[in-house]
Amino acid sequence: MNFILKMAWRDSRASRRRLALFSLSIVLGIAALTGIGSLGENLRRTVELQTKSLLGSDLAVTARKAFDEEAMKYFRGVGGEVATEVAFPTQLNFTKGTGERKLVQLVAMAGGFPFYGDLVTTPAGALAQLADGKSALLEETLLVQFGVQVGDEVRLGAASFKVVGALKKIPGDAAVIALFSPRVFISPAGMEATGLLKKGGFTRHRVHFKLLPGVDGDALAKTMKETFRGSRFQFDTVEERKRQLGTTLKDIYSFLSLVGFVALFLGAVGVASAVHVYIKQKVATVAVLRCLGASGRTGFAIYLVQGIGLGVVGSVVGAALGVAVQFVLPMVMKGFLPFEVELFISWSSLAKGAAAGLVICVLFTLLPLLTVRRVSPLVALRSALGETARMDPLTPVVYVAITAAVLGFAVLQTGNWKTGLGFTGMMALGFGLLGGVAKLVSWAAKKFVPRKPLTYVVRQGLANLHRPNNRTVLLLLSLGLGTFLMINLVLVRATILEKIMGAGAGARPNLMFFDVQEDQFPKLEKILKDNGTPITVSAPIVTMKIESLKGRPVAELLKEETMVTNRGPDGGRDGSKAGKGGGFQMRFGAAAKSEPLVRDSGRIPAWTLTREYRSSYRAKIDESEKISSGAWIGRAKAGEPRVPVSVEEGLSKDLQLALGDEIVFDVQGVPMRTYVASFRTVEWQRMQPSFFVLFPEGVLEPAPKTYAAALRAATPADAARAQVAVARELPGISAIDLALILQTFDGIFTKVAFVITFMAGFTVVTGIVVLVGAILTGRFQRIRETVLLRTLGATRRQLTQIQWVEYTVLGVLATVTGGALAIMGNALLAKYVFKTDVVLPVPALLASMAAVVAVTVLTGLLANRGIADHPPLEVLRNET
Amino acid sequence: MLKVERLTKTYRTAAGGELTVLREVSFDILAGASAAIVGPSGSGKTTLLGLCAGLDRPSGGTVGIAGESIGEMSEDARALVRNAHVGFVFQNFQLIPTLTALENVLVPVELAGDSTREPEARELLGRVGLGERYEHYPVQLSGGEQQRVALARAFMNRPKILFCDEPTGNLDGDTAAAMVELIFGLNWEKGTTLVLVTHDLELARKCQRIIRLKSGAVVSDEVS
Chain D
727 MNFILKMAWR DSRASRRRLA LFSLSIVLGI AALTGIGSLG ENLRRTVELQ TKSLLGSDLA
787 VTARKAFDEE AMKYFRGVGG EVATEVAFPT QLNFTKGTGE RKLVQLVAMA GGFPFYGDLV
847 TTPAGALAQL ADGKSALLEE TLLVQFGVQV GDEVRLGAAS FKVVGALKKI PGDAAVIALF
907 SPRVFISPAG MEATGLLKKG GFTRHRVHFK LLPGVDGDAL AKTMKETFRG SRFQFDTVEE
967 RKRQLGTTLK DIYSFLSLVG FVALFLGAVG VASAVHVYIK QKVATVAVLR CLGASGRTGF
1027 AIYLVQGIGL GVVGSVVGAA LGVAVQFVLP MVMKGFLPFE VELFISWSSL AKGAAAGLVI
1087 CVLFTLLPLL TVRRVSPLVA LRSALGETAR MDPLTPVVYV AITAAVLGFA VLQTGNWKTG
1147 LGFTGMMALG FGLLGGVAKL VSWAAKKFVP RKPLTYVVRQ GLANLHRPNN RTVLLLLSLG
1207 LGTFLMINLV LVRATILEKI MGAGAGARPN LMFFDVQEDQ FPKLEKILKD NGTPITVSAP
1267 IVTMKIESLK GRPVAELLKE ETMVTNRGPD GGRDGSKAGK GGGFQMRFGA AAKSEPLVRD
1327 SGRIPAWTLT REYRSSYRAK IDESEKISSG AWIGRAKAGE PRVPVSVEEG LSKDLQLALG
1387 DEIVFDVQGV PMRTYVASFR TVEWQRMQPS FFVLFPEGVL EPAPKTYAAA LRAATPADAA
1447 RAQVAVAREL PGISAIDLAL ILQTFDGIFT KVAFVITFMA GFTVVTGIVV LVGAILTGRF
1507 QRIRETVLLR TLGATRRQLT QIQWVEYTVL GVLATVTGGA LAIMGNALLA KYVFKTDVVL
1567 PVPALLASMA AVVAVTVLTG LLANRGIADH PPLEVLRNET
Chain S
451 MLKVERLTKT YRTAAGGELT VLREVSFDIL AGASAAIVGP SGSGKTTLLG LCAGLDRPSG
511 GTVGIAGESI GEMSEDARAL VRNAHVGFVF QNFQLIPTLT ALENVLVPVE LAGDSTREPE
571 ARELLGRVGL GERYEHYPVQ LSGGEQQRVA LARAFMNRPK ILFCDEPTGN LDGDTAAAMV
631 ELIFGLNWEK GTTLVLVTHD LELARKCQRI IRLKSGAVVS DEVS
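Protein chains in written order, with this note's numbering: chain D, 727 to 1606; chain S, 451 to 674.
It is worth saying that the hints were derived from the structure and are not from the lab.
Nothing here was measured: the structure is a model prediction, and the numbers come from that model.
Be aware that one or more of the hints could be misleading.
Residues on chain S that point at chain D, a partial pick, calculated with CB under 7 Å [said to hold, decoys possible]:
| hint | residue |
| --- | --- |
| 1 | 540 |
| 2 | 546 |
| 3 | 549 |
Here are the simulated lysine to any residue pairs, SDA-like style, with alpha carbons at most 20 Å apart [what the hints assert, rightly or not]:
| hint | chain 1 | residue 1 | chain 2 | residue 2 |
| --- | --- | --- | --- | --- |
| 4 | S | 610 | S | 639 |
| 5 | D | 732 | S | 562 |
| 6 | D | 732 | S | 587 |
| 7 | D | 1271 | D | 1390 |
| 8 | D | 822 | D | 885 |
| 9 | S | 656 | S | 541 |
| 10 | D | 732 | S | 550 |
| 11 | D | 791 | D | 1333 |
| 12 | D | 1172 | S | 550 |
| 13 | D | 732 | S | 469 |
| 14 | S | 656 | S | 670 |
| 15 | D | 828 | D | 815 |
| 16 | S | 453 | S | 480 |
| 17 | D | 732 | S | 570 |
| 18 | D | 1561 | D | 1550 |
| 19 | D | 888 | D | 875 |
| 20 | S | 610 | S | 530 |
| 21 | D | 732 | S | 584 |
| 22 | D | 1363 | D | 1282 |
| 23 | D | 1561 | D | 1034 |
| 24 | D | 732 | S | 568 |
| 25 | D | 894 | D | 842 |
| 26 | D | 732 | S | 565 |
| 27 | S | 610 | S | 519 |
| 28 | D | 1173 | S | 465 |
| 29 | D | 732 | S | 563 |
| 30 | D | 888 | D | 929 |
| 31 | D | 1006 | D | 1034 |
| 32 | D | 732 | S | 533 |
| 33 | D | 732 | S | 585 |
| 34 | S | 453 | S | 521 |
| 35 | D | 732 | D | 1035 |
| 36 | D | 1006 | S | 519 |
Note that the Cβ used here is the ideal one computed from N, Cα and C, for glycine as well.
Turn these sequences into a full structure, and let the hints guide you.
Rendered as structure tokens:
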């Protein structure tokens, strides 16, 4: 062992610069991995914090009646901070002007809510003034709509309040907004003074928790559900909010994990190709050692020690660089960062990255190192004997170990077996395909390249592809895999961004009007069009209730013991209980899409049977919906006894519906027999009018209905102008300005988009460096033959042209094969991981492919620059 | 010391045929004796040397070194035999370029786990005239100096038999003569058996026996 270590150290002396170059690829790979891991952890926490601001707390418990002493004692015993909130709908009387009245949500808060995110008022700090018990904070829309000024007086029940400011933004918006009522904030004492509390039939009591670090909100909610079984509490956690955000954040985490994986894999491929070249140059030394009595194992062990050393140094330096990168980059890019990141070192990410880097590096190094075991001592006598053509029996074992390590790492990174397996499979396919193409190219270059009419430099360049010691397989593998991974990142990034932007940005409506009577709708359309803010989406809404389900009257179903009778305090999922007519489903509202307290399989939640459904009718389903089973029928046939309807999938599960089941609706006194013709998945995330039950055209038109309309106002001023115009002409119509809520969401999506761009860009740069490294390592092989050609009279121009031909062929082939693999990989990822449609940004794809060819050729030429300047004697003597 | 019986070596050609480069070669070399293997290019000299030294396995026949039949041994077992009994001098020196002269000389004993013999290595280097060049790397030495380091290394493990493959092939006349003197001097002094392959008949005549090869077969075996 002593000799092995000593020899490994001594042998590395002359090659340390070269080994440093080799380690560059793994250093950068590990730097990318640890940097991504740590920075990703930082950014994840930032996004997490941002997500928490959607709720404003870690956990919120809501009830229809005031929490009793026992419950409050339990809540205070949880640890952390507790804040309370009481809210109910009531009339707000404007004492100024015409003395108009408006249904509002009156809210009294006590405690430090919001714990996360900011409560923004104009003027700032207006919230603190509520403490006097005589001040009120009104939502900005109320001030705009009714022309109220700060300092004006409003009346609530028995008390008068001075308006001290406008509420612009508050975490937990969604739940309140879903009630379709603008909010008025007063203090608990002020609420007492109104004398309205005891009359509040729709009062909502809520306790917000800021949990101690390490306490799992979901787990706590579960425990509380058990503890307060039967108390009809509703629980809201950040995790739940995140789930409501859709799978978007999960996509981001998966993607970041894969980005880290890609960086490491690239680094490992770089190291393997470099070590392959290195070992080829060590064959003579190994042969001499064998002549002097070293066993195959000894020779192997010497270079394995060097490989491990390479990995250790690479991991440590890479990890340090990763930390530096995560600290330096945000500083350098401070002006460009859309948000502030509180940087900390994620030791776990660092250790994980370094360890994974070391293992992957050593395993990838083993592959070329196995050659050492088979070096014959005869090589010392006849160098032409070189390596044995037979495969080392350990080669398959190493491949299995690499596959297992890659699979293990991929699973660890993505946290998903299927994704890890798919990714590993794709890598294996990439290896196989690129290896096969390389062999084919070598063979074809040997077999089919004619002597005429090709010039010498072209023939020589093509001959380089098949000559002994050619690097076709190696370069095509490293270039192709690098290309595959990099282009794949470009494509995946486009796919994810499209998904995010499709769901979270663009021309989404940000101002909604509801309670629009049928005869008011044309006028509303005109007002808004004249205002320069035309309606973009509208939907008729017909209210109805379920009369019977599958032939059984609702009353009968409700009597069954198995029925879940407790219902979320906010009622149904579309906010209908607030008495407003909007049929819009908002993805971010807990109340807008809140789950019932208990939803066990086998039980039909009572609220799904008793609620008032706000349904619509359409000829077509919109882009936020997909038929998951059955068939969409857009127009009912005249005289058909039963109307085909489409039911949202979640509701269908609650109601335990199957295709063809009958539902009889009570449409404002008129029974209507329907059957389930299709089930739909609905992207509630989208700001679209979406409904649980959709009717075809030709049935509900005669029924009394209201309309909901939405538009996109370019600026807050446009939104305000539109609201004022509508309030003046059609005072009964309610409006909700979603700009504030959308701002929060746009913030999150902007951050997410930045994270993706940043991470992908970082890895792409790493990939380019690895490609450069792969080509540079080839330089050592090329010096000798180039010098020989130079000695024999080749001009510099001829040498450059030879390299041009070789690298262009390799670059084009690597790009085409890698690009094809990337398209395939992106399609698989989009379908199975991100569960979205494939996006193929052709210009970006072509640009990436052209860039890879250019980088390959350019790097090849640059890497070999100066070779022709080497004094031939020095090169030949050194046998570099 | 070296016993070769009916030694045959056949290679498979790329075309799938067979190429026999040694046919039923037999000879004995006694301990302390010196023998030269001569013959034209392609006659099988180097192949024979490689088989005798246990660097390769014969296709037929046997090779015995110091009483041990190495033909059937595994490569690792043969490596142990080489380390214990065999020394080498190659035409192209075959020093390990990343090791200093001293380290190169020490390799055989360090391989055997003995790291106490540096003084002996220094002495040997002194004997071959490189007493001031211990820390020099091969690239810093001339051809003749490199071959002298190789010779010191060959004697470091106190071999029972020394194999030399064209030891003066890459050296100029004067340097070659000095080298020959050293080889034979050390051989005599250490009592080592010497087997050398050469084109140089003058060098061959310095050996006690000359074995001539042609087309893979021994055509003569004479005492010089």
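Evaluated hints:
Of the supplied interface hints, the one on residue 540/S holds, with its beta-carbon coming within about 6 Å of a beta-carbon of chain D, less than 7 Å. Given the 7 Å rule on beta carbons, the hint for residue 546/S holds: about 5 Å separates it from the nearest Cβ of chain D. Look at residue 549/S: its Cβ gets to within about 5 Å of chain D, closer than 7 Å, so that hint holds up. This hinted pair checks out: residue 610/S and residue 639/S have alpha carbons roughly 12 Å apart, not beyond 20 Å.
For the proposed pair residue 732/D and residue 562/S, the alpha carbon gap of about 13 Å is at most 20 Å, so the pair holds. Taken as a hint, the residue 732/D and residue 587/S pair is honoured in the structure, with Cα atoms around 16 Å apart against an allowance of 20 Å. Between the alpha carbons of residue 1271/D and residue 1390/D the distance comes to roughly 9 Å, so the proposed pair stays at or under 20 Å and holds. Taken as a hint, the residue 822/D and residue 885/D pair is honoured in the structure, with Cα atoms around 15 Å apart against an allowance of 20 Å.
Between the alpha carbons of residue 656/S and residue 541/S the distance comes to roughly 18 Å, so the proposed pair stays at or under 20 Å and holds. The suggested pairing of residue 732/D with residue 550/S holds, with an alpha-carbon distance near 13 Å, which does not exceed 20 Å. As the CA atoms of residue 791/D and residue 1333/D are separated by approximately 18 Å, the hinted pair is consistent with the 20 Å bound. Our distance criterion of 20 Å between C-alpha atoms is broken by residue 1172/D and residue 550/S, whose separation comes to about 42 Å.
Note on residue 732/D and residue 469/S: the hinted pairing is violated, with a Cα-Cα distance of about 42 Å set against a maximum of 20 Å. Using a Cα cut-off of 20 Å, the hinted pair residue 656/S and residue 670/S holds, with the two alpha carbons roughly 17 Å apart. This hinted pair checks out: residue 828/D and residue 815/D have alpha carbons roughly 10 Å apart, not beyond 20 Å. Note on residue 453/S and residue 480/S: the hinted pairing holds, with a Cα-Cα distance of about 8 Å set against a maximum of 20 Å.
Between residue 732/D and residue 570/S the alpha-carbon distance is near 19 Å, which keeps this suggested pair within the 20 Å criterion. Taking the CA atoms of residue 1561/D and residue 1550/D, the gap is about 15 Å. The hint holds against a cut of 20 Å. Restraint check for residue 888/D and residue 875/D: the C-alpha separation of about 10 Å stays at or below 20 Å, so the hint holds. For the hint pairing residue 610/S with residue 530/S, the CA-to-CA distance comes to about 13 Å; that is within 20 Å, so the pair holds.
Only pairs whose Cα atoms come within 20 Å are accepted, and residue 732/D paired with residue 584/S is accepted, the gap being roughly 17 Å. At most 20 Å may separate the alpha-carbon atoms for a hinted pair to count; residue 1363/D and residue 1282/D exceed this at roughly 31 Å. Pair hint residue 1561/D plus residue 1034/D does not hold up; C-alpha atoms about 40 Å apart against a cutoff of 20 Å. Restraint check for residue 732/D and residue 568/S: the C-alpha separation of about 14 Å stays at or below 20 Å, so the hint holds.
For the suggested pair residue 894/D and residue 842/D, the alpha carbons sit about 16 Å apart, so the restraint of at most 20 Å is met. Among the hinted pairs, residue 732/D with residue 565/S is consistent with the structure: their alpha-carbon atoms are about 11 Å apart, no more than 20 Å. Our distance criterion of 20 Å between C-alpha atoms is met by residue 610/S and residue 519/S, whose separation comes to about 15 Å. Straight-line distance between C-alpha atoms of residue 1173/D and residue 465/S comes to about 17 Å, which keeps the hinted pair within the 20 Å bound.
Distance restraint check for residue 732/D and residue 563/S: the Cα-Cα separation of roughly 11 Å lies within the 20 Å cut-off, and the hinted pair is therefore satisfied. Proposed proximity of residue 888/D and residue 929/D is contradicted: the alpha carbons are some 23 Å apart, above 20 Å. For the given pair, residue 1006/D sits about 18 Å from residue 1034/D by alpha-carbon distance, which is consistent with the 20 Å threshold. Proximity of residue 732/D to residue 533/S is assessed by CA-CA distance (about 18 Å); at most 20 Å being required, the pair is judged to hold.
Between residue 732/D and residue 585/S the CA atoms are separated by roughly 16 Å; this keeps the pair inside 20 Å, and the hint holds. Taking the CA atoms of residue 453/S and residue 521/S, the gap is near 11 Å; set against the 20 Å cutoff, the hint holds. For the hint pairing residue 732/D with residue 1035/D, the CA-to-CA distance comes to about 13 Å; that is within 20 Å, so the pair holds. Restraint check for residue 1006/D and residue 519/S: not satisfied, since their Cα atoms lie roughly 32 Å apart, outside the 20 Å limit.
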